[in-house]
Amino acid sequence: MEAAMGLMRRIPPKHSEAALSALLSLLPHHSSDLLSQVDQPLQVLCDVDSGKEFILCEYNRDADSYRSPWSNKYHPALDDGPHPSAELRKLEIEANDVFTIYRDQYYEGGISSVYMWEDENEGFIACFLIKKDGSKTAHGRRGYLQEGSWDAIHVIEVGPEEEVNARYCLTSSVMLSLTTNDESEGTFNLSGSIRRQMNMELSVAEGHLCNMGRMIEEMESKLRNSLDQVYFGKTKEMVCTLRPPAEIVQTKFPDSRIP
Amino acid sequence: MSDEEETASQLTDNQKIEIAKWFLLNSPAGEIQYVAKDIRALLKNERLYLAAVSEAFPLYNKSHLICLEFPDRSGEVMVTSFSEIDKNEYIDPRTAQVAIIDHVKQVIEDARPAKDEELPSSYVEEYRSALDVEIIKYVSEAYPKGVCSVYCTSGKDVEEPGMDFELVVVICAARHSPQNFCNGSWRSVWNMEFKDELQMVEVRGKFEVGAHYFEEGNVQLDAKHECKDSTVFQSADDSAVSLTTIIRHHEAEYLNSLQKSYSKLPDTTFKDLRRKLPVTRTLFPWHNTQQFSLTKDIQKSLGLEGSK
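Sequence lines, in order, name chains A and B.
If you use numbering that gives the first Met the number 0, the first sequence corresponds to residues 0 to 258, in order.
If you use numbering that gives the first Met the number 0, the second sequence corresponds to residues 0 to 307, in order.
If you are wondering where the hints come from, they were derived from the structure by calculation, not from laboratory data.
Treat each hint with caution, since some may be false.
If we take Cβ atoms under 8 Å as the criterion, some of the chain A residues that face chain B in the derived model are [claimed, not checked]:
1) L6
2) P12
3) P75
4) A76
5) Y143
6) L177
7) T186
8) N188
9) D227
10) Y230
11) F231
Reference listing, derived: stretches of chain A covered by chain B, where coverage requires no fewer than 3 residues with Cβ under 8 Å from a Cβ of chain B [to be verified]:
12) 17-25
13) 144-153
14) 217-225
Label-pair distances were calculated between CB atoms; the ranges are [what the hints assert, rightly or not]:
15) N287/B - G50/A: 27 to 37 Å
16) S20/A - S153/B: 39 to 49 Å
17) A204/A - L282/B: 17 to 27 Å
18) A17/A - Q105/B: 22 to 32 Å
19) Q105/B - A76/A: 48 to 58 Å
20) A76/A - L282/B: 38 to 48 Å
21) E214/B - E162/A: 35 to 45 Å
22) A76/A - S262/B: 50 to 60 Å
23) E117/A - L282/B: 22 to 32 Å
24) N120/A - K263/B: 40 to 50 Å
25) Q258/B - H29/A: 36 to 46 Å
Only a predicted model underlies this, so the values are computations on that prediction, with no experimental measurement involved.
C-beta atoms are modelled at their ideal positions from N, C-alpha and C, and glycine is treated no differently.
The shape of chain A in the complex, shown without the other chains (with noise of 0.2 Å):
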C-alpha cells in the first residue's frame, strides 16, 4: 500500500484514473483500501425519475448500483439497497436544494450532489460533491479551456449534539486539470491534486447544514488559494529557476557581440 501511495503521488495527476485501475489489477486484495485513500475523478449517471445528473462515489453505492438524491432511488433499481432515516432524508433534502445554488455561484454550471447516512455513534456523515466541466465545449463561461475538470469530494462527520454543540470533522480533496491550446502558445496544461482537513465544534443554534456550509465553503477557498497561489506559483517558480526571465538574463550578460 505504501508503495501504490508514494506512486500516487509522482504519477501526473491527470493520469490518476488510468494509475488507479493499473493499481487495482495489480493489487486486487487491496481495493478497498486503494478506492478510499485514492482520490479519482468523479462520474455521473442519469436519475431516470427526474431527468437530473447525479454523482457516484463510493458513499451512495450498493453492489453495483448508486442512490440518486433526487428520487432516493438506486439505479439500476436495487430492492434492498440501505437508505437514509426520514428525518436525514429530509437534511439530505435540502441540502441538495441549497448546494446546487451554492455551485451555481461558484461554479457557474456543473454538477453536484450531497448524500448522508447515519454513523455507529449518533451521529451522521455528509458527502458534498461537486463536478464541474471547464471547457469551453461544456460549461466553461469565458472559452478559455481546451480541457478543464474540477471535481471536490468534502466528506464531513457530524458529532452527535452535545448540549448547543456539535462536532465537525471535514476532509476535503480536489482534483483538477486545465489546459489551454493555441498555435503561438502550445498546449499548456497544470493538473493537481490535494487534500486537506478541518476540525470544528460549532453551535448547532443555525442548524447542521448552515455550519457544514460554511466550513465547505471556507475550505474550497483555501485549496483554490492554495492551489492558485502555491501549488501553480511553485511550478511557475521552477520554470523560472530553469530559464530565468530575459530581463534579469540581459542585465547580468549584455550582449558580447555587440562592441
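Given chain A, put chain B in place with the hints provided.
Relative to chain A, chain B alone:
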C-alpha cells in the same frame, strides 16, 4: 499471502510488465528511480521488475534527454535518440567519445574514442562544431544549469557543398530538489536542415517543459510547443550565429508565453473552473437559505420554475 498471489496472478506476466512500464514512463523529470523503487515493492518479482526497467529506462532516459558525466570528467554525454549508436552506446561529438552506459543505474560504465565512421566528415563537422560553440555560449547565458549538444543526423558523410545535411541541437535544463518537493525540466530539440539547392536552412523547434510540486499534494505542469523558422545557408561561422539567434529568439518567446499563461490563470482560465467569489461577490448566505425556498415557491406559483 498465497491468496493474494493467486488473485494477482489473474494478470499475465506481460500485463504486469506493461503496467510497470506505464508507471515508469510517466515518471516526472528526475523521479524514475523513486518510481522504480515503488514498482519493485509492488511487483514482488525480480524477473518482472528487471524486464520492465530494462525496457522502460532507455525510453525514459532518451525522452528526458538525461545527461551523464564521463568517469574521467572529460565532459558529459546526453542520452538522446540522436546520439544513440547502440542500445547502450551514446556518442558525444564534442569530445569524440562514445559512452557505454547503464540505463537503469543512469551512469557511464565505460568510454571509448569514437570511430571515424561514427563522426561527420570534416565539412559537416565544421558546421556542427561552429554551431556547438555558439550554442554553448547561449545555453550558459540563458540556463543556469543547462546542457546542450549538436549532432549530425543525416548527411554526415557529405564532403563538400552540393548536398543536404541535417544537424540537431538538443538543450536540456533539469533541476531536482526533492528536499523542496520540487522537480522540473526544460527540454528543447532543434532540427536544422541545410538545404543546398535552396541555399536555406529550415529550422524546426520542439519544446517540452515540466514541473512537479509535491509537498502535501501533487501538482504538475506539462507544457509543449513547436515552431518553425528558416535562414539562409551561409558559412559555418555565420550560420552558427544566425541559427543561435533564431533559437534564442524562439526560446525567449516561449518563456514569455508560458509566463503569460501563468498570469492569465487567476482571472480567466482558473475562473472557468471555480470562481474566487460567487457571482454575487459576497459569501454564500448559509444563515439565510430560506430565501431560496421562498423564491422557489414564488417561481413555482408564477409558473417560472425550470424556465431558466
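Hint check results:
1. L6: 5 Å, holds
2. P12: Holds, about 5 Å.
3. P75: 26 Å, violated
4. A76: 26 Å, violated
5. Y143: 5 Å, holds
6. L177: Hint holds; L177/A Cβ to chain B Cβ min 6 Å, cut 8 Å.
7. T186: 5 Å, holds
8. N188: 5 Å, holds
9. D227: 6 Å, holds
10. Y230: 4 Å, holds
11. F231: 6 Å, holds
12. 17-25: That given contact holds, which follows from 6 residues of the region 17-25 of chain A lying within Cβ reach (below 8 Å) of chain B.
13. 144-153: holds (count 4)
14. 217-225: Per the Cβ count (4), the hint holds.
15. N287/B - G50/A: 27 to 37 Å: Since N287/B and G50/A have Cβ atoms about 29 Å apart, the given range 27 to 37 Å holds.
16. S20/A - S153/B: 39 to 49 Å: 42 Å, holds
17. A204/A - L282/B: 17 to 27 Å: Holds, at about 19 Å.
18. A17/A - Q105/B: 22 to 32 Å: Hint holds: Cβ distance 26 Å, inside 22 to 32 Å.
19. Q105/B - A76/A: 48 to 58 Å: 56 Å, holds
20. A76/A - L282/B: 38 to 48 Å: Holds, at about 40 Å.
21. E214/B - E162/A: 35 to 45 Å: With a Cβ separation near 40 Å, E214/B and E162/A satisfy 35 to 45 Å, so the hint holds.
22. A76/A - S262/B: 50 to 60 Å: 51 Å, holds
23. E117/A - L282/B: 22 to 32 Å: 30 Å, holds
24. N120/A - K263/B: 40 to 50 Å: Holds, since N120/A and K263/B (Cβ atoms, about 48 Å apart) stay within the stated range.
25. Q258/B - H29/A: 36 to 46 Å: Taking Cβ atoms as reference, Q258/B and H29/A lie about 43 Å apart, which means the hint holds.
In the structure shown, a violation is registered for the earlier hints numbered 3 and 4, in ascending order.
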